[in-house]
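The residues making up each chain are set out below.
Number of protein chains: 2
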Amino acid sequence: MDTKIILTEKEMPTQWYNIQADLPEPLPPIRHPGTKEPTRLPPPLFARALDEQEFSTERHIDIPEELQEIYKLWRPTPLHRALRLEKALDTPAHIYYKYEGVSPAGSHKLNTSVAQAYYAKKEGCKRLATETGAGQWGSALAMGCAFFGLECKVYMVKVSYHQKPYRRILMETFGATVVPSPSEDTGIGRKILSEDPNSTGSLGIAISEACEDAGSREDSLYSLGSVVNHVLLHQTIVGQEAMKQLEKADVYPDMIVGCIGGGSNFAGVFLPFVKDKISGKKPNMQIIAVEPQACPTVTKGPYTWDFGDVAGMAPIVLMYTLGHSFVPPPVHAGGLRYHGMAPIICHLVKLGFVEARAVYQIPTFEAAVQFARAEGIIPAPEPAHAIRVVIDEALKCKQSGEKKNILLALSGHGHFDLGAYEQYLSGKLEDFEYPKEKVEEALKELPEVPA
Amino acid sequence: MDTKIILTEKEMPTQWYNIQADLPEPLPPIRHPGTKEPTRLPPPLFARALDEQEFSTERHIDIPEELQEIYKLWRPTPLHRALRLEKALDTPAHIYYKYEGVSPAGSHKLNTSVAQAYYAKKEGCKRLATETGAGQWGSALAMGCAFFGLECKVYMVKVSYHQKPYRRILMETFGATVVPSPSEDTGIGRKILSEDPNSTGSLGIAISEACEDAGSREDSLYSLGSVVNHVLLHQTIVGQEAMKQLEKADVYPDMIVGCIGGGSNFAGVFLPFVKDKISGKKPNMQIIAVEPQACPTVTKGPYTWDFGDVAGMAPIVLMYTLGHSFVPPPVHAGGLRYHGMAPIICHLVKLGFVEARAVYQIPTFEAAVQFARAEGIIPAPEPAHAIRVVIDEALKCKQSGEKKNILLALSGHGHFDLGAYEQYLSGKLEDFEYPKEKVEEALKELPEVPA
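Residue numbers (my numbering), protein chains in the order written: chain V, 97 to 547; chain G, 97 to 547.
Bound-form chain V, shown alone (with noise of 0.2 Å):
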């Protein structure tokens, strides 16, 4: 029995996989945000290409080869079968995860960034602009910047700017400035300071200010790394490999577990897999998206149309959401602290292909001790709640005795999280409770669009 499912270089997939062309109904359209009709990306952020991918319904889209190049920088990845870990739990299920922490960046955001950098150079452009969270994308910009030799520019969300330093630092070694957000470097981030100078920002927040400066200058496009349709298109590389090395071990997943922020990293490994069950091939495979107690945007957020970011400046989408101007508690996973959620993924949540669960920091952090114990691998914090969910399902499958196979997204290490793991191991880590009244009050502020 190989511990680990490898590729070569050679069976690397060499087209991205577009759900768009499987799906049993057409995605919604996005809205612009001043007129609330159906638009294209915002043209003056995103570079064309990617325009051109966020509506394609081709089933495939070429991975051009100067890419396929710097995939092979890291790519394939492995897949590993957590021996130690089913052993540890005595269950009779077989537990496959991909690991993206292998990448330069420690996490799958790199599979998109190096495609965005990889674009706006061809297009002309000089400068991306981004947000990030717990600091993942803007290390992944800053790589994809620094291998086209492009300036890039991070707003990171405040908590974990302060939280993560060597993220920081991380960013800057690859040439990318820095700045935490709310900053007074956009007038968003002036605005939102000036009403609450002790803010410690969001996803939302940090995505306005990109836009912002990216918006403003000639010479630069804005970058996402997760939510829009291109962002999980790119990803879609992980989950092809997945398919195959699975193959090669004769093995079809019964259920794909992986958490949700912005959705791209599980989008990434499931949507190859999701066809066959709107195909009715495999009706049986359970897809279970994992986000946080305290920002429980598909267990407990209505579907609805929300703009993508705070200020209202990103376009509007049909998505489940907690508000736009919901800020959520300073969890450790920040790469999971976002209002809304990718519409492919909601799509097919409403559609019954996906089911959502959420869990409580404090026994995710236990999970990820006990994964990191048996495989040696310190997941991040946002992969370890599906950690959670995974070893809670490995351990049904004692009780009942069925031999499931279980495939983990693990889209990343945890190697600048340790701060979330020593508060973890001292007993300070606290658990939030979903802010009920919080998300409420967000709900208020929803767009009124066009029927």
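Keep in mind that the hints are not guaranteed to be accurate.
Identical copies look the same in the list; a pair holds intra-copy or inter-copy alike.
[Claimed, not checked] Distance condition first, Cα-Cα at most 25 Å in a straight line; then the derived SDA-like pairs of lysine to any residue:
#, residue 1, residue 2
1, 524, 268
2, 218, 97
3, 378, 451
4, 106, 348
5, 340, 499
6, 344, 164
7, 494, 244
8, 373, 140
9, 132, 542
10, 168, 183
11, 132, 179
12, 168, 180
13, 396, 543
14, 500, 343
15, 222, 179
16, 106, 344
17, 499, 451
Don't read these hints as lab results, they were simulated from the structure. From a predicted model like this one, the values you see are computed outputs, not experimental measurements.
Mind docking chain G on chain V? Use the hints.
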């Protein structure tokens, strides 16, 4: 052209390579610190299997199957061709790097820590004690102990304990107890603190503390992360993999470059190759060991008998040394701050098969940042020393037009060393000259050994 050359788990070496079978002259004995007479490893400190390996002249030693299964958590590791770095340098040289940073401990150290935990457990030991510099060895032993259910106590060099808190938390996540060295937990620690309460510590001091700890407890053994023969033996899995990988590309290296602190990382890579230089098959292959100017053991120290530790409790070995009481300046490459050097490496240097160079800290970080921006990987400060020399040699190839094949031992990533990168990027890093007078002072305290 593949960016990475990979091996399957089935291609992983199943034996370690023992250079003692192929040395033109046998290694000098090691001597008891008290009697000064030739001795085995101190029996209350080391597992019997390790003592056997220490003096074995068998060419190949089987890797136990249970241990092979643990190795497969992360091995075989990739061999990269540094295509982007070559392009950035505009060099005709081909640069390959064997990357041990994909191990969950982030470095090569795990190769021997799991072996040592395995043998300790097998011989009924309950607890291992050790020292650590930059924290890589301590992290590796903490993981090894977690995998085999042993307790772990780590004496961490004080300067690193404070510079690298994340390394400490990493060890604690795996259940280890970590104290800054010199500590109040041992006699030698208390003695040093009473003489110099501000001592920044050194690997030598920490070794003494860990030896005293293990020697004074029935349930404990001591565990060494470098220097001794059995550690270098365990690391040869790295060089054997690299050799297989280069064979797949039909390449034999003209030059192998690695950093040396205790010597195990570099020895692990070059030992399987150096036998071809000893046998005369590859007489012109250059093997270059790189050390910091602040602690230039091989380039500046005499080849003489000295204690392996500060307190004079460890065996006396024939090696290049700066004197066992020498405390090097606090360079960020904590793993290179050792007064001595692996006897196997010293023997091969003395016989003319290995050469040594010393480099400064600032140009080392300059090379590290250049490497990171090209290849994506942030190197640990230790192997960054080797990267400095590889870049210099590749630029010489540009001048001469030579197409050398250069193999770099990239022993680990720098995710826990970003404080040092921040100092470099902000211009606050300082270079340390060779502290000649302190060395001369320390060399007055060499032990006298019978002829």
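Legend entry - Indices of hints not satisfied (ascending): Violated hints (numbers, rising): 8 and 11; every other hint is consistent with the structure.
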